[in-house]
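Sequences listed follow chains D, C, F, X, P, Z and B, in order.
Going by the working numbering, the first sequence opens with residue 1, and the numbers climb by one from there.
Going by the working numbering, the second sequence opens with residue 1, and the numbers climb by one from there.
Going by the working numbering, the third sequence opens with residue 1, and the numbers climb by one from there.
Going by the working numbering, the fourth sequence opens with residue 1, and the numbers climb by one from there.
Going by the working numbering, the fifth sequence opens with residue 1, and the numbers climb by one from there.
Going by the working numbering, the sixth sequence opens with residue 1, and the numbers climb by one from there.
Going by the working numbering, the seventh sequence opens with residue 1, and the numbers climb by one from there.
Derived by calculation from the structure, the hints in this document are not laboratory data.
C-beta atoms are modelled at their ideal positions from N, C-alpha and C, and glycine is treated no differently.
Possibly wrong hints are sitting among the right ones.
Said to hold, decoys possible - The calculated label-pair distances, taken between Cβ atoms and stated as ranges, are: (1) Z:Met1 / F:Gly51: 48 to 54 Å; (2) C:Ala41 / F:Asp74: 23 to 29 Å; (3) B:Arg53 / F:Arg53: 19 to 25 Å; (4) P:Gln95 / C:Gly71: 31 to 37 Å; (5) F:Gly79 / B:Gly45: 50 to 56 Å; (6) F:Gly51 / X:Asp78: 52 to 58 Å; (7) Z:Gln95 / C:Lys49: 21 to 27 Å.
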Amino acid sequence: MLRPLHDGVLVRRVEEESVTSSGLVLPDTAKEKSQIGEVLAVGEGLFTKDGSRRCPMRVNVGDRVLLPKYGGVDVKIDGETLVMFKESDVLALCQ
Amino acid sequence: MLRPLHDGVLVRRVEEESVTSSGLVLPDTAKEKSQIGEVLAVGEGLFTKDGSRRCPMRVNVGDRVLLPKYGGVDVKIDGETLVMFKESDVLALCQ
Amino acid sequence: MLRPLHDGVLVRRVEEESVTSSGLVLPDTAKEKSQIGEVLAVGEGLFTKDGSRRCPMRVNVGDRVLLPKYGGVDVKIDGETLVMFKESDVLALCQ
Amino acid sequence: MLRPLHDGVLVRRVEEESVTSSGLVLPDTAKEKSQIGEVLAVGEGLFTKDGSRRCPMRVNVGDRVLLPKYGGVDVKIDGETLVMFKESDVLALCQ
Amino acid sequence: MLRPLHDGVLVRRVEEESVTSSGLVLPDTAKEKSQIGEVLAVGEGLFTKDGSRRCPMRVNVGDRVLLPKYGGVDVKIDGETLVMFKESDVLALCQ
Amino acid sequence: MLRPLHDGVLVRRVEEESVTSSGLVLPDTAKEKSQIGEVLAVGEGLFTKDGSRRCPMRVNVGDRVLLPKYGGVDVKIDGETLVMFKESDVLALCQ
Amino acid sequence: MLRPLHDGVLVRRVEEESVTSSGLVLPDTAKEKSQIGEVLAVGEGLFTKDGSRRCPMRVNVGDRVLLPKYGGVDVKIDGETLVMFKESDVLALCQ
Chain D
1 MLRPLHDGVL
11 VRRVEEESVT
21 SSGLVLPDTA
31 KEKSQIGEVL
41 AVGEGLFTKD
51 GSRRCPMRVN
61 VGDRVLLPKY
71 GGVDVKIDGE
81 TLVMFKESDV
91 LALCQ
Chain C
1 MLRPLHDGVL
11 VRRVEEESVT
21 SSGLVLPDTA
31 KEKSQIGEVL
41 AVGEGLFTKD
51 GSRRCPMRVN
61 VGDRVLLPKY
71 GGVDVKIDGE
81 TLVMFKESDV
91 LALCQ
Chain F
1 MLRPLHDGVL
11 VRRVEEESVT
21 SSGLVLPDTA
31 KEKSQIGEVL
41 AVGEGLFTKD
51 GSRRCPMRVN
61 VGDRVLLPKY
71 GGVDVKIDGE
81 TLVMFKESDV
91 LALCQ
Chain X
1 MLRPLHDGVL
11 VRRVEEESVT
21 SSGLVLPDTA
31 KEKSQIGEVL
41 AVGEGLFTKD
51 GSRRCPMRVN
61 VGDRVLLPKY
71 GGVDVKIDGE
81 TLVMFKESDV
91 LALCQ
Chain P
1 MLRPLHDGVL
11 VRRVEEESVT
21 SSGLVLPDTA
31 KEKSQIGEVL
41 AVGEGLFTKD
51 GSRRCPMRVN
61 VGDRVLLPKY
71 GGVDVKIDGE
81 TLVMFKESDV
91 LALCQ
Chain Z
1 MLRPLHDGVL
11 VRRVEEESVT
21 SSGLVLPDTA
31 KEKSQIGEVL
41 AVGEGLFTKD
51 GSRRCPMRVN
61 VGDRVLLPKY
71 GGVDVKIDGE
81 TLVMFKESDV
91 LALCQ
Chain B
1 MLRPLHDGVL
11 VRRVEEESVT
21 SSGLVLPDTA
31 KEKSQIGEVL
41 AVGEGLFTKD
51 GSRRCPMRVN
61 VGDRVLLPKY
71 GGVDVKIDGE
81 TLVMFKESDV
91 LALCQ
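Please work from the sequences and hints to get the whole structure.
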């Protein structure tokens, strides 16, 4: 499995419309990439420059997250395209 | 519901003209987006790099805020377009 | 009323020529925006990253300030265009 | 042998498809460079500015790593092209 | 009078050639702006981010300073064009 | 002789192919500059901003180093072209 | 005389070829500016942001220094063109 480094977050884009208990999160058009992702793996968090202290991750495996429209790095695993984001680029948790 | 990460602020643009007790805040032209938003959700605030201390948010749910003309990330929820801003990009509170 | 966040300064551009006790501050040409503004509201000042300490504002409500030629964000209130600047972009106080 | 400085990571791109125990990591097209690399050597890690403390490396010799699509510096050794990355640019470990 | 904020320096460009006791400082061509300025007012100096400590100014009222060719903000006072620079952009004192 | 300042490293590009005990480091094409350099002189290392502590150099006189393809400043000494790099731009030691 | 501020270094470009005891430093072509300069004056060094501590200069009056090909600010004094550099841009001492 991929284990992200630093504050990396590995997500699978969720194409279906229904996302949160309180509402539907819709892609702007059918052709755009979904901005909702399911978190598959997270890094251990960024360390301070001297390696002595670590900033814990706010995003956990299993979370549904709101992603920015652009950015991230595509990775193809088992024929499926996943995406790597930095936690600092993830916009929100969907709850 | 969407729970913003970091210093994120989720807002709904307020299209009506009347905003503050002391005055009207008007869009420049009818075609421009409103620069006034109603805050629907806020993040927990930015943490210092070692994760030990948190800078509290100045913007709270329910606040009306003055937004910059550009920037922010549109999110479509239940057919309505909301916007995510960083608190550091929010210009003012409308009181 | 608008209450600026962070180190925001809300100003009304002063179109008349006479500004200081010691001299006239003139716009370069009649068509240019005035670089003199009257301060209507100020933010509480920038906080350190952990939110523990605040840098007080040097600019106060009622001050006349020298503004850079470019920058700032226009806001239309009651039909009048005001401008938001960051204090760090304000050049000088007119006294 | 090359001994990377700072947080350098020397990798050999792995062309075969099978990478992790749980899945195949595939290049997007046959013509693209593999994003998987085998770590041949690592630096000692970045030092704080006064040289007193060192941030240990998270990536070790023998690790398989996920690389960004762009970046890195090609080095030709014994007719083989290897690549140097900074650890901060390495995306994930493949386990 | 204008009282610069932060590390601002208000200068009047000195058009005559003779500047220092040890030599003439000449503009490159007659058409270029003089790079020598007389300091009319200075700010109180930059503060640290928490507002607790202030870095004193090295440039004082009455100093003649060497200015960079570009930069600065023109201000017209009593029909005369003065210039605002940041102290960090001022190159040297003329003594 | 030239004594580099800060974290400067003065190198002579090594044109021959054989570099390390374990392998040949080859230029990509005959026309490209060699990426291997012999270190002729090094600076004393960067100081912290208050000048009180110094970060020791990792690169020493006599080392063979792997250089980035671009960057560095050419200097002609006795008809020979040498190059100045910052240590932070040197990629690896050849051992 | 000009007294540089901050970490400024005032230099006179040295056109003759012979520079160091161990070798000639030559301009690349006769048309290029010399990269060797004689130091005429130096600033007091950069201060930390709170003004409390100063980083001493490594370059002194009378030193011959290696300059980058680009950068610096020309100043004409007594009909002679001198150049101002920041010490952090000076590459090496010629000894």
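Hint by hint, here is what the structure shows:
1. Z:Met1 / F:Gly51: 48 to 54 Å: 52 Å, holds
2. C:Ala41 / F:Asp74: 23 to 29 Å: Given a distance of about 28 Å, which is inside 23 to 29 Å, the answer is holds.
3. B:Arg53 / F:Arg53: 19 to 25 Å: Taking Cβ atoms as reference, arginine 53 of chain B and arginine 53 of chain F lie about 21 Å apart, which means the hint holds.
4. P:Gln95 / C:Gly71: 31 to 37 Å: About 48 Å separates the Cβ atoms of glutamine 95 of chain P and glycine 71 of chain C, which means 31 to 37 Å is violated.
5. F:Gly79 / B:Gly45: 50 to 56 Å: The hinted range 50 to 56 Å holds for glycine 79 of chain F and glycine 45 of chain B, with Cβ atoms some 54 Å apart.
6. F:Gly51 / X:Asp78: 52 to 58 Å: Check passed, 55 Å falls within 52 to 58 Å.
7. Z:Gln95 / C:Lys49: 21 to 27 Å: 34 Å, violated
Of the numbered hints given earlier, the model fails hints 4, 7; all others are met.
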